[in-house]
Amino acid sequence: MKKYLTFFTIRFTTRLQYRAAAAAGMATQFAWGFMNILMFSAFYRANPAAFPMGFDQLASYIWLRQALLALLSSWSLDSETLEMVSSGNIGYELCRPVDLYNMWFVKDVATRIAAVTLRCIPIFAVSFFLPKPYNLSLPPNAGTLLLFLLSMVLGFCVIVAYSMLVYIATFYTYSPLGVRWIAISLTEFLSGSLLPLNFLPDGIRRVLELLPFSSMQNVPLRVYSGDIAGQAALWHILLQLFWLAVLVALGQVWMKNALKRVVVQGG
Amino acid sequence: MRLYFKYASIQLRSIMQYKVSFFFTILGQFLTSFGAFLSIYFMFVRFNEVEGFSYSEVLLCTAVVLGAFSLAEIVFRGFDRFPSMIGNGEFDRIMVRPRNEIFQIFASKLELSRAGRLAQAIIIVCYAIPASGVGWTWDKVATLVLMFICGTILFGCLFLVYASFTFFTIEGLEFMNIFTDGGREFGAYPLSIYGKGVLRFMTYVIPMACFQYYPFLYVIGRTDNRFYMIVPLFSLLFFIPAYLFWRFGLKHYKSTGS
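Chain order of the listed sequences is A and B.
In terms of my numbering, the first sequence has 112 at position 112, counting the first letter as 1, and numbering is strictly consecutive.
Each position in the second sequence, counted from 1, maps to that position plus 1000 in my numbering.
Worth double-checking, as some hints may not be accurate.
[What the hints assert, rightly or not] Each computed DSS-like pair below joins lysine-lysine, with the alpha-carbon atoms no more than 25 Å apart: (1) K256(A) / K3(A); (2) K1019(B) / K1006(B); (3) K1196(B) / K132(A); (4) K256(A) / K2(A); (5) K260(A) / K1019(B).
[What the hints assert, rightly or not] Chain A regions said to be covered by chain B (calculated; three or more residues, Cβ under 8 Å): (6) 16-27; (7) 108-117; (8) 162-175.
It is worth saying that the hints were derived from the structure and are not from the lab.
Glycine residues also receive a C-beta, built at the ideal position from the N, C-alpha and C atoms.
Same shape as in the complex, but just chain A (with noise of 0.2 Å):
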């Protein structure tokens, strides 16, 4: 355990040195969900009424999200472990006396949140401040913060567990470019990440919430603002668990696999 603690803290304290990247990063994901937000107050204005959830919430929902980005997204992969075997510095790797799939796994947990801890406190600050209803605001109560950390915990999980499947996928395709694109293709409009997914119609939705990529933001985020509450929720942390144990087993035994024919390119 002190081994992948080790691994986290070096891996966290370098990525906090790139402080520069993190401001701009910060001034794109605000800008970003500013204009989705105008965008999203265009069509309030054409048809309050078919709003599936309150204005505030979707804010909160928005806003939430560009502040956790780093977390929750499936593009900010760790391009060091992506081009690890088309560089050939898997063999380093093998040599360690640790399991790749547990190191691999902390280091991806540590670049996230060295990301997000550099990024999230000055866009929460400045949402929080803004005029409502265009604000992130505050949970209705106490137990609800507790869910949404709860889902939150648990949907960060499974997005690990989803890039692990893209690192081991480079085992047989060398070149990241194409795996990497295929799997943000998939999470992008799956997970919520476009459009909430209470914005599709019934029938698809429900099937959509089903799926592990509605545990990655769709869950947690809405779990936020409330939007759901009890007996759901439980139901979707439920599935969150699920799809955890699922995904997290399929990566070992992938890369299990994937090792007994590793190539480990020279250069």
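Could you slot chain B onto chain A? The hints should help.
For chain B alone, coordinates are given in the frame of chain A:
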């Protein structure tokens, strides 16, 4: 021009060395922009119209922006690699060659993998042209073509600005993404829906509205003012500050020495 095709054919042959990855990339690109399209579709299923624009009218706008962006990406995306070019000293080699630097950079990378996005734009155009209910006369077709061409050049200029920033920061600047990727993403809707402030900014600072919004009004018959037909040409003016900024950066360039 012959030199450009020579560069292009070398690029093509090197991409083909990683076939699976190449096709995955094209497919991934297609699916990503398909997701963006689906979210527009489902918004209109729920709301029917936005600011008086109907679904098929908005699609025209989406297609022009998506098409212009992806064509600009295929041709000009060499600028995307520019940070690494500066980082590893490749740019020093470029400077000593007797050709224009800008030309060499954009010719150094032909992003054919972006074809997935272009394909999407073509499909949307094919659907939107009959569905939008516009009486397609020659002047409207000409306007649409002009929107597309000027849009491509404007996105190209934005990539140039992105690259120029690298002279000062060495690393790529994520902030420009709000104008390039953001322009594509939010330009899918007519820019007026974001309110007057954004529209004004997009007219006078980053003249995206010049090729996207004003001529679009003419095409869908919201205005009869013939002047709006040639408004896309104004977006070309953006080349002047972009180029000056590039020259300015070039003057300040210090090699990283690797």
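How the hints compare with the structure:
1. For the hint linking K256(A) to K3(A), the alpha-carbon distance of about 21 Å falls within 25 Å, and the restraint holds.
2. Proximity of K1019(B) to K1006(B) is assessed by CA-CA distance (about 21 Å); at most 25 Å being required, the pair is judged to hold.
3. Distance hint between K1196(B) and K132(A) is fulfilled; the C-alpha atoms sit about 20 Å from each other, no more than 25 Å.
4. About 23 Å separates the Cα atoms of K256(A) and K2(A), which keeps this hinted pair within 25 Å; it holds.
5. Of the supplied pair hints, the one linking K260(A) and K1019(B) holds, its CA atoms being roughly 24 Å apart against a limit of 25 Å.
6. Counting residues of the stretch 16-27 of chain A whose beta carbon lies closer than 8 Å to any beta carbon of chain B gives 5, which reaches the threshold of three, so the coverage claim holds.
7. Remark: the stretch 108-117 of chain A is not confirmed as covered by chain B, as 0 of its residues place a Cβ nearer than 8 Å to a Cβ of that chain, below the required three.
8. A count of 3 residues in the stretch 162-175 of chain A with a Cβ less than 8 Å from any Cβ of chain B is obtained; the coverage claim is therefore met, three being the minimum.
In summary, the one numbered hint that this structure violates is 7.
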